[in-house]
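Q: Protein sequences appear in the order of chains A and B.
The first sequence begins at 1 in this note's numbering and counts up by one.
The second sequence begins at 1 in this note's numbering and counts up by one.
Don't take every hint at face value.
Residues of chain A clear of chain B, computed beta-carbon distances all greater than 12 Å [claimed, not checked]:
(1) Glu29
(2) His40
(3) Cys41
(4) Thr45
(5) Tyr59
(6) Tyr67
(7) Arg136
(8) Arg146
(9) Asp149
(10) Ile159
(11) Met171
(12) Leu192
(13) Trp206
Per label pair, the in silico range of CB-to-CB distance [stated by the list, open to error]:
(14) A/Trp102 / B/Ile81: 29 to 35 Å
(15) A/Ala106 / B/Leu126: 32 to 38 Å
(16) A/Ala133 / B/Glu48: 34 to 40 Å
(17) A/Ala106 / B/Glu48: 30 to 36 Å
(18) A/His137 / B/Ala41: 24 to 30 Å
Quick caveat, the hints were computed from the structure, so don't treat them as lab data.
Using N, Cα and C, we set each Cβ at its ideal position, and we do this for glycine too.
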Amino acid sequence: MPSTPKSPTLIVGRCVGLTVCRDCRTVCELGDGTAVRCSHCGVLTHPRIPRSLEKASAYLAAAAILYVPANVLPVMHTRSLLSDQDDTILSGVVYLARSGSWPLAALVFVASILVPLLKILAIGLLIWMSARASSRHRLARARLYRLVDFIGRWSLLDIYAVMMLVALVQMGSVATVQPGSGALAFGTVVVLTLLAAESFDPRLIWDGVDNAHG
Amino acid sequence: MDEPSQGRVPAASVIGRRLPSVIWLVPALAAAVGLWLVVHAWLQQGTEIKIRFTSAGGVEAGKTKIRYKEVDIGMVQAIAISDDRKGVLISAQLSKQASDLLEADSKFFIVRPRIAGGTVSGLSTLFSGPYIAIEPGAAHEMSESFVGLETPPVVTNDVPGHEFVLHGEDKGSLDFGSPIYYRRVEVGHVTRLALEPNGQGVEVGIFVNAPYDRFVTANSRFWHASGVDLSLDANGLNVSTQSLVSIVEGGIAFQDLSDVSPALNPAPAGSSFTLYSSRAQALQPPDSHRERYVMYFPESLRGLQIGAPVDFRGIVIGEVKSLGVEYEQGGSLLRFPVAIDVYPDRLRSHSANARFPEVSEAQSRSILSQLIVHGLRGQLRSGNLLTGQLYIAMDFFPDAPKASVDWAKAPPVVPTRPSGLTEIHDALGRIARKIDRLPLEQLSAQLSEALASLDQTLKETRKLVNHVDADVAPQATRTLTAAEHTLKAAESVLAEDAPLQQDLQRALRAAAESARSLATLADYLERHPESLIRGKAEDPR
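Produce the entire structure from the sequences given, and follow the hints as far as they go.
A: What follows is the structure in structure tokens.
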């Protein structure tokens, strides 16, 4: 792929009536249908993920909506002898920053607030440009997609940390940690962004290259 | 989507606009959940209230809770200093369910750890920090701004019972929450302590819990039950306390004045009572009627205190009200009037048949005049030898000089009599004066004369004795020697072996023989009287 932008012509499978099986990567004859069964393994294979942009934008919209409660509602409810308090993600960041743990505060802020937000924006940008069949910055968009896809697998770290705390800190009346409704929303946001990224077919970025060219 | 390519005409045709994909249900669901959360939060949103305190003491914005019956109903949002800079304004967000607690007379107070005598409260706030508690009021109007209480109310509104007001001389050791005892059972608390508006005494608000509040009647007497009451009387040492708690933190006890009287109706809430300083004082029979008299004592009033009893043959019938100084005759004479209050009812209550006649003022005056004619006098007596406390005793002195009461004076003056000690003192004085009056110098001159003549007499006596010694004694010696000779001669005559003695014995023996012969003769003659005539008959043998 590194040489593709320089290549004057881009031969896409679909253009020549071929597609690759989703599972076994066998090259299949597409014919004139929109879906074929792989001649090798028999799985239903589409040349592009059907209704990719629609699905991705639906997941993205849901994620964007739930992003608000995820940040406003408390993620964690800590009850101890000394205190009884609800923490949102942002209040946790503020607490860490105030107590002097600047690196940790920055990490939590980036991982839990900035990254989901940027992910939503990035996927939104990708969907929007693909829907417009824009030919601009295709390589940058492809790299952006790879970045989003890579980061996605780490996004549930916060939820993982909260669940660990909930499971471990159960000391009766001394201290208990309970997940707040924000944690649920946050987890849903992460899952929805993952689904959105998954639904988005990166090949759409490159669709129309041949059109633009020829 | 299916764009024509390579010039081929697509076989398929667009049938119509398809319905949006099912996938859009996901954002719809998310939107619904989000909306629900918003609506839920909006519905939960209660009213925001402002509470004014003099200081925020430990209250923190975003941390301190508002609680009702230990349930969180809100959170302090902000703390600001009031515009007049005399207090703090605490803004708090209350939950929806708490909004009907915000009656205009609801009370807010900060709960902190409190250790007061018998109770420890708010201990949990040692760790969790203080919280603001609400005690709902009873008013129908709602309010959103309140003035917080500085001290927590001891009794909450939902506890059944009645509040009463006591008026006392001083607060003693009472404090908020000090217990109220009825027959040593704790039945309530002190809820309020304040000075009377005029500063003359204290006003104590008490709350008596429900089953017991009916024991508070118009006849009830309240007294300070603080500390230990030690009394030493004819029955021995008497220690009286209510409970250990009341020793430490004070308390109030109450009891009906007379247990035998039929129970009265419970006093209405808010009734006022007098708070006495001791049980004895509280349970005194009511002194409805009192008479003031003045007494002038001819002696020092040291040891006589205001409040000292006036005792009539052992029955306390009144007390000393004041001690004063009076000028008379333009300041040339000082008198010390002792004003006393006498409660004639006390005599009545002590009378055995309880039928002591109710008398009019004129009658009581005539009775008193009569008593004084019979010798009733006031006298200072020592009530306590250790402390020298005096009391006024009313007693009869039939030999007292005549006196009477001048009823025209107000208050009337009751005649007095010097006390026993003063009388002894006076008698000693009289004796001393008499001794003083004796003509001691004259007496001593006469005595020395007498002694001189006695000396003379003795000298003459000695001369006489010397004379006797020189003249009479030798003659006497001689006489005695002669007497001794005589006695010796007599002794030699009377001795056993003296010839005279032997002759005498012999003569006596002959006389005895003669007598025996005579007796034989007489005997013979008695048996043989005829022998006198015939002569002695021959012995037959």
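Q: Taking the hints in turn, state whether each one holds.
A: Hint check results:
A cut-off of 12 Å between C-beta atoms confirms that A/Glu29 is not in contact with chain B; the least separation is 15 Å. At roughly 25 Å from the closest C-beta of chain B, the C-beta of A/His40 stays outside 12 Å, upholding its exclusion from the interface. Taking the minimum C-beta to C-beta distance to chain B, about 25 Å, the non-interface status of A/Cys41 holds against the 12 Å cut. At the 12 Å boundary, the C-beta of A/Thr45 stays outside the reach of chain B, the nearest C-beta of that chain being 16 Å off.
Interface exclusion of A/Tyr59 from chain B breaks down, the closest Cβ pair being 6 Å apart, not more than 12 Å. Not every Cβ of chain B is farther than 12 Å from the Cβ of A/Tyr67; the closest lies at roughly 9 Å, contradicting the non-interface assignment. For A/Arg136, the non-interface assignment is confirmed: its Cβ lies about 20 Å from the closest Cβ of chain B, beyond the 12 Å cut-off. Even its closest Cβ contact with chain B, about 24 Å, leaves A/Arg146 beyond 12 Å, as expected for a residue assigned away from the interface.
For A/Asp149, the shortest C-beta to C-beta distance to chain B comes to about 20 Å, beyond the 12 Å cut-off, and the non-interface label holds. For A/Ile159, the condition that its CB be more than 12 Å from all CB atoms of chain B holds, with the nearest at approximately 17 Å. The Cβ of A/Met171 sits about 15 Å from the closest Cβ of chain B, beyond the 12 Å cut-off, so the non-interface label holds. Here A/Leu192 does not stay apart from chain B, with its beta-carbon only about 7 Å from theirs, under the 12 Å limit.
Every CB of chain B lies more than 12 Å from the CB of A/Trp206, the least distance being 15 Å, so the non-interface label holds. In this structure, A/Trp102 and B/Ile81 meet the distance hint of 29 to 35 Å, their C-beta atoms being roughly 32 Å apart. In this structure, A/Ala106 and B/Leu126 meet the distance hint of 32 to 38 Å, their C-beta atoms being roughly 36 Å apart. Evaluation of the 34 to 40 Å hint for A/Ala133 and B/Glu48 yields a failure: the beta carbon distance comes to about 53 Å.
With their beta carbons about 35 Å apart, A/Ala106 and B/Glu48 fall inside the hinted range of 30 to 36 Å. Restraint check, A/His137 to B/Ala41: a C-beta distance of roughly 41 Å breaks the suggested window 24 to 30 Å.
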